[in-house]
Amino acid sequence: MSEAAAHLVISGVSKRYGAATVLEHVDLTIRRGELVTLLGPSGCGKTTLLRAIAGLAPPDTGTIRLAGRDLTQEPPHRRNVGVVFQSYALFPHLTVAGNVAFGLKVRGTPKAEIDHAVARALSLVKLGHLGGRRISALSGGQQQRVALARAIAVEPDVLLFDEALSALDRKLREEMQVELRRLLQEVKATAIFVTHDQDEALTMSDRVAVMNKGRIEQLAEPRELYARPASLFALNFVGLSTRIAGQVVGSQDGMVDVVTPVGRLTARGAFQPGASVIVATRPEQLRLGAAEGANAASGRVRSVVFQGSRTLVDVDAGAGASLLAELSGREAEVPRVHDEVRFAWPVAETFAFAAEAAS
Amino acid sequence: MMSRLAMTVCWVSAIGLALFLLLPLAVIAAASFSPTPVFDLPLSGASLRWYGRIGRLDGFWPSLSLSLQIAVLSTALSLVAGTLAAIAIARGRLPGATALGTLLVSPLMMPGLVLGIALLQYFRMIGFTATWSALLVAHLVVTLPYVARTMIAGLSRFDFTLIEAARTLGCTYAGSVLRVMVPALAPSFLISGLFSLLASFDNYPVSIFLTDVRSKTLPIRMLQYIEEAPDPTLAALSTLILAGTLVLLLISDRLVGLHRMAGTAD
Chain A
1 MSEAAAHLVI SGVSKRYGAA TVLEHVDLTI RRGELVTLLG PSGCGKTTLL RAIAGLAPPD
61 TGTIRLAGRD LTQEPPHRRN VGVVFQSYAL FPHLTVAGNV AFGLKVRGTP KAEIDHAVAR
121 ALSLVKLGHL GGRRISALSG GQQQRVALAR AIAVEPDVLL FDEALSALDR KLREEMQVEL
181 RRLLQEVKAT AIFVTHDQDE ALTMSDRVAV MNKGRIEQLA EPRELYARPA SLFALNFVGL
241 STRIAGQVVG SQDGMVDVVT PVGRLTARGA FQPGASVIVA TRPEQLRLGA AEGANAASGR
301 VRSVVFQGSR TLVDVDAGAG ASLLAELSGR EAEVPRVHDE VRFAWPVAET FAFAAEAAS
Chain B
360 MMSRLAMTVC WVSAIGLALF LLLPLAVIAA ASFSPTPVFD LPLSGASLRW YGRIGRLDGF
420 WPSLSLSLQI AVLSTALSLV AGTLAAIAIA RGRLPGATAL GTLLVSPLMM PGLVLGIALL
480 QYFRMIGFTA TWSALLVAHL VVTLPYVART MIAGLSRFDF TLIEAARTLG CTYAGSVLRV
540 MVPALAPSFL ISGLFSLLAS FDNYPVSIFL TDVRSKTLPI RMLQYIEEAP DPTLAALSTL
600 ILAGTLVLLL ISDRLVGLHR MAGTAD
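Here the protein sequences line up with chains A and B, keeping their order.
Residues in the first sequence are numbered from 1 upward in steps of one, following the numbering used here.
Residues in the second sequence are numbered from 360 upward in steps of one, following the numbering used here.
Pulled out of the complex, with its shape left as it was, chain B reads as follows (with noise of 0.2 angstroms):
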């Protein structure tokens, strides 16, 4: 009888968390389709006038771009450095190579806030100024923990012997690495590759420091436009931005499965 209630009360938390978590983003695409410039329940109809105001943004293309181009580049960076950190600390007898892995992933545990500041007094006082530069160097600052703690934690349960066989089975070194140890890796790839880029492109206390009148990311460029003009135009942007996503993580099921990305499977 008590497991029964105990099942009940777990079911009924875990759902209502999920509604709890979720409820926002339906609102958020809900507010989107709204006919009129202030939300209102009921609806009354529903348009897409919205969706089509978003190009019209002031500045909202170059703000897309420099977003893309930021997450798309640390991403990248991170993956390569990354994956060669973590095969180092996996692999290599190096001394005190748990605490330099556990040094890779700290600012993730890191206020961002105080990383923007950091980099912002570093950056000065090296006379570091390209602000394009100086967004993509903080941006990996954020971006390479995701990478390194999943690469660590893959390279962990990948066996080495899987290289030596394909050595033995006629393959050079860097094939063995390309045809065996990638796909292996592949969902430790994907998610580390998501998470950074989603990473770095919400993220709002590290670039805020960095960026200037001229070139704004887009989460910057949005707070700009709410406390400018708050319309559903917003709202519309929002719910396009979770579209993407949700078809990122469709894309990665097809390529791996999620089940093996959240780790929730061998």
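So that you can see chain A by itself, here it is in the shape it has in the complex (with noise of 0.2 angstroms):
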């Protein structure tokens, strides 16, 4: 990457508190009008590392360079980021137009030019109606709106939501994911977003930051993020898998032979044989019947979820060990309870990762 186009620049972020530590090295750049997510499940470091880039935390170590600007030693007020909390954290004293406005405010802006910034930050968020309502006088749905205009309205460099959508119920949340994509784009905003929810993370990035125990796992497009997932913990965390654990007993050329409870399969992975691995596919890759030069395995129905476009099916594979298959509405042939079923899968869609990695 260019460094033009590298807008904000974290590099070597530490943060410890206490004996724990919270952020531990952290490196992540990305570029103006980008919408990156940090995801990762509770205590893995992601809102302290969006609290470091806001000033509210700054990290013992690393540095943060935003707009080309240095800004690990600077406070909050002179970063020019924009923040949408949790709790919306609106001014319950302000009406609707007066908590946009606080920021121009505060920054000395003409009252013509506030005025005319809190129109269009209203009507960019639907609520150009609502400018002289109080804050308890709004829905869940309305505050949020009200916060994501009282971020834009200053014009930030770079936009930081924590768990912005997460008080929203689920439909709601859908519907918000894809407008506030659309509109971040419209306005050309360089966007965090801290989540535990892996469908927002899918919906609403350009890329992902996988994050677990204070490190970046891997940080990729959606897509990739899915189809490549770096490390078990990132297989686990983005959509689901089926996962066999066994022993190398051959590598060759990026590829492992794998002696497994359901036979021997062959993955992804780079390991010296006798390494204890656990390889892993995606449910979608699965397909009833044998094919060759695949891996295959096959067992009893244990159950069967019909989930309208899809239908999943769970396996008994013997050994402990299970397969989860998912198969498409247009299947013709969708196995019942109990059925003994035969499934395989391309080698080049398993993979393999260091079991040790699972604790």
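Please note: incorrect hints may appear among the correct ones.
[To be verified] A short, non-exhaustive set of chain A residues, derived as facing chain B with CB atoms under 10 angstroms: (1) 79; (2) 90; (3) 107.
Please keep in mind that the hints were generated in silico from the structure rather than gathered at the bench.
Note that this is a predicted model, so its numbers are computed, not measured.
Virtual Cβ for every residue (Gly too), placed ideally from N, Cα, C.
Got two chains here, separate frames each, mind docking them using the hints?
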């Protein structure tokens, strides 16, 4: 990535709270106009990283550069970042317009300009008619929009969203995901979302950073992240998978042969013979029947879950191993519970990960 | 049927109680306009002569001035100290913060008489004899719990993310406190300030131990008047104090709304 395209550069950022390391030497570079999600379970350090960027929790080591400026030592009010908080953090003593105008007033922007910017921000979030309302008179979804308008109004160099959609109910959240992405692209904003919701991450972002124990495990585009998970953690956190434990018996050209309870399987990965690994694939790769040169396993169907466009089949492959297959709605033949079935899946879509990472 | 009967009983008791509480005030107000030195029903006309005599009461002005000084100053100091203490208790990770909060509020539960004697003895012991300062410190003990209690409650409902939001929007930390926390806590400040003012202004049991012949607070002076010459001048003075309190309440209602202050609405 060229220096000009690098808008936000985080390098070597670490943060400790007492004995606990919350961020461990995090590097992350984000381009101007890019939408990036920090995805991970609670306690993985994603919110701390967001707060470090905002200046609310300065890092112990490392630097943060935004739009060519070193912000590491700057207080929050001189960073020009916009934050949308999980609780929205709207000022209860001000009206909707008063909230949106707040950042501009503090900056000493002339009144006419403020009015113009407030009207524009409110119309962007489709709340142009509610400027005079009190905050307590708004619904959760409307408050979310006000919080967004308030953050956008100051034209920040980067917008930060801390679990900003998590308080909305499911349907509204899904609508907002799509709308928010469209809106951010429209205003050409650079944004970072923090979430534990994989759907939100895949829907909203150009790239996703999967975080675990204070580190970024994988930084990739959503498709890449799903299709080529870099670690067992990333595989488990995004999407469903079939996982079988085994031991490497042969290794060649980035492929390994693994002996497992369901038979010999071939997977992508570089391990020495004798290594304990987890062999995994995505459920939609599994097909009924056998295929030449593919991995295969058989077992007895434990459950069949119909989900409209797809059907999930859980198979007991014996010796504690199980297979999870996703069959599309168009598949002619769907097995029933207790059926003996055989599934095959491509070697190229099978991955091996170090087993100890599973703990 | 039963619930209608119960409702009626409740309403009757509520109205009865309100009358019981307010009637003495009405009687005082009526007596203050009595044309004769002895209040008599039915009233035989109205007069303002007693109001005119208030200012001529012996030592009235110094006492009023002393009471106001002590009330205003102790309230101002309590507001600052009480708010800071409440922040430490509501926000800080102090060990035993809850116990500390209870301790701060405890003078509220103590009989004023005991507090007065204790303070008198303590001040003597440490050689603190300046009447005015002793009164101020004693009233601080009386008013601080009101402020601390209300501010702890107010702060426990305050979302400190608001301050972070203000900071990211361009406010300094101090600016955020002033622009966001103070207005959001305005009802708490107002109600605790009002309580504190009134608690100090009409305090008798603590003040009685700390005043001397030359400096008496208004309540103590008033008790002296009633012992010397019981006439409606005191009723007139009481009515004026009542009117002053009402004006304060009305202003507060205009500013933040009494329902917000009483905590009966969100």
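Results of checking the hints against the structure:
{"no.": "1", "hint": "79", "in the structure": "holds (7 angstroms)"}
{"no.": "2", "hint": "90", "in the structure": "holds (8 angstroms)"}
{"no.": "3", "hint": "107", "in the structure": "holds (5 angstroms)"}
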